[in-house]
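Undergrad: Spelled out from the first residue to the last, the chains are:
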Amino acid sequence: MSRKSEEGKGSIKRLDPPEEERRKYLKTVGGLVVGLAVGGAAGWLSRAPETVEVPGPTTTVTKTVTAPITPTPTPTPTPTPTPTPTTPPAPLELNFYTTGHSGFYYDVGRLGWKPIARYMEQNPHIKINTFVDSFFDVYTKEATVFAAGVYAWDAAYTWGAILAEFSEHWTPLDEMGIELPKEVQDDIVPYSKNAVYWKGHWYGLPRMLEIFNLMADADALDAEGLTFPTSYEEFLECCEAVHDPPRRYAFGVGLKEGYLTPPYLCFLHGNGGSLWKDDAMQTVVPDSRESIRAVEDMVYVYENYMPPAAIEKIAFVEACVEWWRGEYVFGLFYPWITMVVTDPESKVKRVYPWLWPGKKGVVRSGSEVACEGYCIPKTAIHKGAAWDFIQYLNSREVQVQMSLNMFWKQENEEPIPTRWSYMTDDRLKEYPYNLIMRASLAALKYKANRYERPHYMAYAGAIEAEVMNALTRKKTPEDAMKDARERCDEILEKEYATYGGGYYDPWPDTQKYSSRIDDLLKQIPVEEPYIFPE
Amino acid sequence: MPRFNREVRDALKFLLPFFVFLGVFTVYPIIASFYYTLNDITLSHLKPEFIGIDNYAKLFSDKLFRQALTQTLLYLAFHTAVGVPLGLGIALLLNEEFRGRSFARACLLIPWSTPPIVAALTFFISLNPSFGPITYALEQSGIFPFQFSIFGDPDLALFGLAVVSLWKSAPLFAFIFLSALQNLPIEAVESAKVYGASSFMIFRKVTLPFLKPTLAVNCILSGILALSGTQAFDIVVGITGGGPGYHTYMLYYLGYMTAFPWNDLGYGSTISYIVTIIAVVFATVLLKLWYKRA
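Chains as they are written, first to last, in this note's numbering: chain A, 1 to 534; chain B, 1001 to 1294.
One thing to keep in mind: the hints can contain errors.
Among the chain B residues that face chain A by a calculated CB cut under 10 Å, a handful are [what the hints assert, rightly or not]:
#1 Leu1038
#2 Asp1040
#3 Leu1043
#4 His1045
#5 Gly1241
Everything labelled a hint here was simulated from the structure, so no lab data went into it. Idealized CB from N, CA, C, for every residue including glycine.
Chain A with its partners taken away, still in its complex shape (with noise of 0.2 Å):
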């Protein structure tokens, strides 16, 4: 007993040190405190400047007809400076943010060519700190970053919805001095225009299209003796002759929310639809005639002719594995999912790819368009090398070769090249990319909008939550869309009295090129059975 009290009171005594002891521990804690601090502070102070590089406007107005933005370079002749002794540029680290879904752009593509690795190659100087993150959380990110007002990035990946809701947060092209050249912004598809403009300014350059085609497995339909569908009502048709489940399911698309506005749009336009009406505030109309007929085919269509599990799918994204096994005879997606005919695995070994049809006497056809870019924030440090890099991101090998990269697989959702001068590159003329371009082309034709506007990301909920009250039964298509409708009321007022409307409608712009769409078609080789109507 009186040996475990000497124990208890030994360890109490290492416990609690004399008075001496414990100052002695304080203030070497405490000194080791304020040495951190201190010194923490002072590697602050000495840190490098945070200044903003803005290029004179002289120098960025002659980079920005450099190589990457012009699409057929003619040089002029220029006088010839007297030969300064020139410097090394200093190093310099950019950080570049960009999305999961395109693998190629942070350099894991799947034929290897490093865009990347070769743009630090090609300047030695720079060192690119490359930061992803998924699709799904880019909004976030971006948003709680422009709020907080800090340094993240130098260049940073953007589309239409993000950047009209945090344009205060961009730098306009302008405001650094520079002047996208007029035949490089002819150049540049409407649709993709809109990722990186904003009322009247430009921001950045465009790094992707892509646009929702009508997949079918070739072999299957031929098999039934069938052509591919013109009209919504022959793809009905289609469906029911080739549909055998649970063998083979006549169409797969996954209609769970965070994807469910693009099916949606494409069924909304191969009705004849918009989403939003011509007026002041451009206001979001779910429940007008063309959207309610729209969610019913879209009810008809996953209750006849789909897995009943396509509610708990990601757009295509999730479903690429059965489309691969051949467990659907049409997809509906962007067209990299042809892409299954070069992998030898693949039960699919042919694939029809064209216009997602619109309803007999209404509209040919009509789908949707998704175009992504990257910007330079507000808080870039390195802005005149972020304006750079984004060109060369924009320049006809990288674009090249990013749809050279694509591939059936979701991290390699590569789509087509923004700018309708690479899209007759002689590589995309092979097959199957010949087939992707021109059903891309083709579907430009007709109405494609997304509808991306400041609080896109609210509507889109709203919208999608309706539409699968109505694809789960829960209320009436009908019903459904008077509640979307009743929500996005209460989002446009708000959105209304922040930006003010004008929102920019690719739509008509995009009609003005169609005579070129005609060209590009033409000068894109394609054969017999791949040939279809327009």
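Keeping the supplied structure of chain A fixed, place chain B upon it in accordance with the hints.
TA: Here is chain B on its own, set in the frame of chain A:
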């Protein structure tokens, strides 16, 4: 200026980092978010515009808020009414002597130590209508129809989420009950046995009254877990994302969606404050009931 002796001063020095941390990461956000509730403020326009109690008034006309509130209360009720008795049952079982008891107790830690998002994804995959092994097994045994989707069914999705949450919470409740059972006075149980009381009588008259404080603690804990973002939020995000339709929207998730993706920080903060109020009311009512009975 009050004069402290050296010991107090030393203690304060050690506690200072904690208070700074608490102030920056807890007190400031609470005050700031309350300020946001009185303002129209978004992430894209951080200049607040004072609107008084408009955000609170909006709650009454917001259908989605009402739906989320109803679903939150249902979830809370289910989580508590089923989870706490389940935890008690497990604790009583593990309090008995049997072979492999220590192993069973160790296994009980697995659900609780699994991060909520991992648990969510595990259930999401296991019950996936296309490739989930559990769904497949149930389909093959004729219990589920083909490609049956629990989380895609508006009538079942909320229940499904509550079950996932219970899988995580019930073991925690069991451990808390178990620690209380370890202190159950053996004399009282022995005396009851001597007087011929049945096992059920012993449970009702001896064990349960002894466990009442623990029961109250577990009920409050259940409420907090069901309401707070630390567990239930991850489960919603990982499995349903609030769908199908709005059928698994709960208040904390609605608060998040409103503040961030829908970019209305003021109204999102208001919804979050309502969650806090519900949690406080729930805990207060339970404690009052408990003290009244005691």
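Undergrad: Hint by hint, where does the structure go against what was stated? Just the numbers, ascending.
TA: 1
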